[in-house]
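Peer 1: If you read the sequences in order, they're chains A and B. Taken in order, the first sequence gives residues 392 to 645; the numbers are from our numbering. Taken in order, the second sequence gives residues 33 to 418; the numbers are from our numbering.
Accuracy of the hints is not assured; some may be wrong.
One side only, chain B facing chain A, incomplete, derived with CB under 8 Å [as the list claims (entries may be wrong)]:
| no. | residue |
| --- | --- |
| 1 | R274 |
| 2 | V275 |
| 3 | V277 |
| 4 | A278 |
| 5 | S282 |
| 6 | R285 |
| 7 | H295 |
| 8 | Y296 |
| 9 | F299 |
Because the hints were derived from the structure by calculation, they are not lab data. Quick reminder that beta carbons are idealized off the backbone N, C-alpha and C, glycines included.
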Amino acid sequence: MSIAPKHIEQPSVLYMDGVSVSFDGFKALNSLSMCIEPGEMRAIIGPNGAGKTTMMDVITGKTQPDCGTVLFNDQHDLTRYDEAAVANLGIGRKFQKPSVIESLTVFENLEMSLRGGRSVWQALRHRLTAEQQDKLDHILALIDMTARLDTFAGNLSHGQKQWLEIGMLLGQQPQLLLIDEPAAGMTDEETMKTAELFKTLAQHHSLMVVEHDMDFIAALECRVTVLHEGSVLAEGSLASVKANDKVIDVYLGR
Amino acid sequence: MPVQATHMGPITRLLTQDKNGRRLLLVIAVLAIVVPFCNLLFPAESVLHISTYTMTLLGKYLCYALLAIAVDLIWGYCGILSLGHGAFFALGGYAMGMYLMRQVGDRGVYGNPELPDFMVFLNWQELPWYWLGFDSFAFSMLMVLLVPGTLAFVFGALAFRSRVSGVYLSIITQAMTYALMLAFFRNDMGFGGNNGLTDFKDILGFDLQSDGTRAGLFIASALALMLGYVISRVITASKLGRVLVAIRDSESRARFLGYRVEHYKLFVFVVSAMLAGVAGALYVPQVGIINPSEFAPIFSIEIIIWVAVGGRGSLYGAVIGAVLVNYAKTWFTGAFAELWLFLLGGLFVLTTLYLPRGVIGLWPPLQQRWHRYRQQRDLVHQEDCL
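I would like the entire structure built from these sequences, with the hints used as guidance.
Peer 2: Right under this line is the structure:
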């Protein structure tokens, strides 16, 4: 299978070049280009309708772009895969609205997320191994839910659901995490705890975090990309982006 | 505790955890022994005698219960609301009916050793190719599984791959059963048209009118129901079952976790269709006829009502619902036949509004109240003793 040539040299986890998507004439993405390096954490900001969710849909195989290149690890053309295949390649996605399986327990949600065993037959014959148990214990400790193991996910608070979903993402052991507004609906304390968690995760994963909360972005201490009308408006450190006149005009306000 | 449970296999889970399921299996097993026993061993005038009519009626309920489990498996656990499951039931029934027709041999009204009566009547010269093989019981039983299974596979593969779901899927399943009904009504389909297949004589050489054969069919239905329950429970208690629930609650989450939703739906749809086929196959020799009315959309909707009334997503609730509603139907169509459909519709509305978890949803609160009552009584008793 042929892979479109890249326009830059350095290796990347995610490489997007000239990606456009339109819905009934509305250009949700307009020749979007972006590159995420291995192990990088990137924050994405931008006004509503800037194309943040559409971008994630394109990366995760939910939406087919009209044109453009989307590469994962410089070798997989993501536009040829569907959601399940993209997930199994090693890209995890967290939705804006927490989407955990409410009628299963915390434990069952996490167990289901564990890497491997995706076929019907494997699922029917599944038994938890000691190794998987350790992995689960580790995730439970990380998201601070060891005591809530048997709670039905539907009975968790909003913030806890967000954390559980992040835990499920980790269970997939993805290389790249796409996270849509994790701090939405969280208390200030939870928001800061989440930022700390992400910094820990960034040691082993690449992360792309879409967020509106500027305090949260500041706490992440990472590069920031500003999207506007489906393409990149500015990119750089939070301070440089904040000082950018175009960004102030369309997003931050004067 | 779910934590330990995940280390167990589904069978161990069934034996150690599924209390209501074990109760259900026990009740069916007892019925399977007691009913034929009371029918065969006690004379008709004895108080303990169970008439052949009652036994056959109960046998019919057991078949309906298996059909309800099949529907609960896809609707209660995977959220696939099939309004055409009667079609799989009827196809299983027709496969059995064809075998029973071939068993008639030259004992039909026209005495033709080669052709069933309705074909002689329609001036058919030879047996159509798709009737070949139905002389064999083993082949027919294979068809009971394969015909509904194959239809479900083809239909499901097309529908689930195109991501048809929700109300659209319900509508096309309904259209499927309706189309089959119209097709089977046609005389030139070779399935007896309007009249269907009837006037059966015997099964495996046993006279269908004899009490002994009826008792055998009753026991077979009970065993099939138990086996159907165990298969369904093994599926729902495994990780596969939890993936099904995930698909029901949040299909996109399941997809983004890397599960191929269409494969899971297809698997459970085919298993369900096969269970429905077996239910139909056991139903036909007991009622003595299969005709296209079993394909009628209203029948498929009735199945949904059984499951809703019993309580979806528990398997045993479906069994309770099927028996309750059909018992009510037997009684009502005897007493006020014309009111039955109104009652059925009313039942569905009331269940949806006031009993979203069905009849079995009534149980836990009652149980709690009983425990509280007992605790209080014990307290009072202790105080009295002091």
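Peer 1: Work down the list of hints and note, for each, if the structure agrees.
Peer 2: Now the hints, each set against the structure:
1. R274: Since the shortest Cβ distance to chain A is 5 Å, the answer is holds.
2. V275: holds (5 Å)
3. V277: Status holds, d = 6 Å.
4. A278: This hint holds: B:A278 lies near chain A, its Cβ roughly 5 Å from the closest one there, short of 8 Å.
5. S282: holds (5 Å)
6. R285: For B:R285, the interface hint holds, since the closest Cβ of chain A sits about 4 Å away, which is under 8 Å.
7. H295: holds (5 Å)
8. Y296: OK, holds: B:Y296 within 8 Å of chain A, min 6 Å.
9. F299: holds (5 Å)
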